[in-house]
Amino acid sequence: MTADSVPAGGDPRRLLADARDLARRVRLAQQVTWLPLLVLALVTFGAIPVYRFSQPVLSDCQAMADGQVCKAWYQAAQFYWWTALVLAYVVIAGGYLRVARARGLGTRVLPYVLTGVALVVLSAAVSAMWSILDHPYYPDPPPSSVQLLFRLLDPTGAIGLALLVLAWLERRVELLLFALGYLAVVLVPIDLGWGTGWGPNWAFAPQLTINGGLLLLGGIGFALAQRLRRPQ
Amino acid sequence: MNGPADTPGPGETESPHPATGLDDMVHQRVRLGILTIAHEARRVEFGYLRNQLELTAGNLSQHLAVLETAGLVAVEKGYAGRRGRTWITLTAAGNTALAEEIGRLKQLIARVDTTEAGPSGGDPQR
Numbered sequence: 068m069t070a071d072s073v074p075a076g077g078d079p080r081r082l083l084a085d086a087r088d089l090a091r092r093v094r095l096a097q098q099v100t101w102l103p104l105l106v107l108a109l110v111t112f113g114a115i116p117v118y119r120f121s122q123p124v125l126s127d128c129q130a131m132a133d134g135q136v137c138k139a140w141y142q143a144a145q146f147y148w149w150t151a152l153v154l155a156y157v158v159i160a161g162g163y164l165r166v167a168r169a170r171g172l173g174t175r176v177l178p179y180v181l182t183g184v185a186l187v188v189l190s191a192a193v194s195a196m197w198s199i200l201d202h203p204y205y206p207d208p209p210p211s212s213v214q215l216l217f218r219l220l221d222p223t224g225a226i227g228l229a230l231l232v233l234a235w236l237e238r239r240v241e242l243l244l245f246a247l248g249y250l251a252v253v254l255v256p257i258d259l260g261w262g263t264g265w266g267p268n269w270a271f272a273p274q275l276t277i278n279g280g281l282l283l284l285g286g287i288g289f290a291l292a293q294r295l296r297r298p299q
Numbered sequence: 776m777n778g779p780a781d782t783p784g785p786g787e788t789e790s791p792h793p794a795t796g797l798d799d800m801v802h803q804r805v806r807l808g809i810l811t812i813a814h815e816a817r818r819v820e821f822g823y824l825r826n827q828l829e830l831t832a833g834n835l836s837q838h839l840a841v842l843e844t845a846g847l848v849a850v851e852k853g854y855a856g857r858r859g860r861t862w863i864t865l866t867a868a869g870n871t872a873l874a875e876e877i878g879r880l881k882q883l884i885a886r887v888d889t890t891e892a893g894p895s896g897g898d899p900q901r
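These protein sequence lines are chains L and Y, in that order. Letter 228 of the first sequence, counting from 1, is numbered 295 in the working numbering, and no numbers are missing. Letter 66 of the second sequence, counting from 1, is numbered 841 in the working numbering, and no numbers are missing.
For the record, the hints were derived by calculation from the structure and aren't laboratory data. Keep in mind the model is a prediction, meaning the values are calculated, not measured. All residues carry an ideal CB built from backbone N, CA and C; glycine is no exception. Among these hints, one or two may not hold up.
[Claimed, not checked] DMTMM-like mimics (lysine to aspartate or glutamate), calculated; alpha carbons at most 25 Å apart, straight line: (1) L:K138 with L:D258; (2) Y:K881 with L:D85; (3) Y:K881 with L:E237; (4) L:K138 with L:D201.
[Claimed, not checked] Derived list of chain Y stretches under chain L, where covered just means 3 residues or more per stretch with a C-beta under 8 Å from a C-beta of chain L: (5) 800-814; (6) 839-853.
So here's chain L without its partners, still in its complex pose (with noise of 0.2 Å):
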């Protein structure tokens, strides 16, 4: 048997390349990262008007040596957000499946966008704990490991988070470390000094700018990645 198997054609080495090969180039042509990118950057943008022209509630103001200092619930925003990275996750799937259909091919993304909806139905939990919970530390900020973790399950951090499940999906070395840069931004937030004299609800702004123009980049840099390296 395995005289008549294994040599020509046969030959293992060359067996298990041409299947390395071949599993490559359907992960190739099932990629579409640039669209979750594209989708999660227009939602993070879209978020800094819901911010800008609507109240938060406040409540329990407390007068400080600097002003006064109040519970806010950015209540419009935090239903712009869960809306609208659902209706995203929903709208990357179907986008996915489309490309994926037209190629000939399945697609692999549903456990990504089952983990970002996850993400965010657990970014609305930890949300609602917090107010059962009446803001621990109040007046006070919470410790920064606590600022962390909010930050983490934070909508724009669920964005992250749910990349680096797309990144093991498409086996992508480059979206990885793309999540993690974007993750880094999102976790240490960057001042550049903007939005002070801005005026009101303004304070999102400089923030959502960084991480939506960051989606947007790396969108656009894996749209042009994807052109260059299909094969014709």
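Assemble the complex: chain L is given as a structure, and chain Y must be docked to it using the hints.
Chain Y in isolation, oriented as in the chain L frame:
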């Protein structure tokens, strides 16, 4: 293949050679290609397989019929608009067969490498 590295020492039991476990159904370039693509793609259309494996429709159909009869793939015919399309998915048995084949190929390569690296292996001119 039968160098010293393959000879068991006293008290050792010889493990079967990886090549003895190869399944002729899967150990064939085209059929291994079909299973690999179907595994990676979740489901794959007939035309994609034909293009990637550079086969004629008749040849591919024959290989698919063999795999379908063996229960390694499921073939589903449908329509996209007015165009007929045939989708191929890997069954659980196909998934297992593919994993076993890949495992055996890796074992076989490792065995060949070990033999070639042994004291009497490599270039006989040296």
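Structure-based check of all given hints:
A threshold of 25 Å between alpha carbons decides the hint, and for K138 (chain L) with D258 (chain L) the separation of about 23 Å falls inside it, so the pair holds. Of the pairs offered as hints, the one joining K881 (chain Y) and D85 (chain L) holds, with about 13 Å between alpha carbons and a cut-off of 25 Å not exceeded. At most 25 Å may separate the alpha-carbon atoms for a hinted pair to count; K881 (chain Y) and E237 (chain L) meet this at roughly 23 Å. Between the alpha carbons of K138 (chain L) and D201 (chain L) the distance comes to roughly 9 Å, so the proposed pair stays at or under 25 Å and holds.
With 8 residues carrying a beta carbon less than 8 Å from a beta carbon of chain L, the region 800-814 of chain Y meets the three-residue requirement, and the given coverage holds. Here the region 839-853 of chain Y counts 0 residues with a CB under 8 Å from a CB of chain L, which misses the bar of 3, and the coverage is violated.
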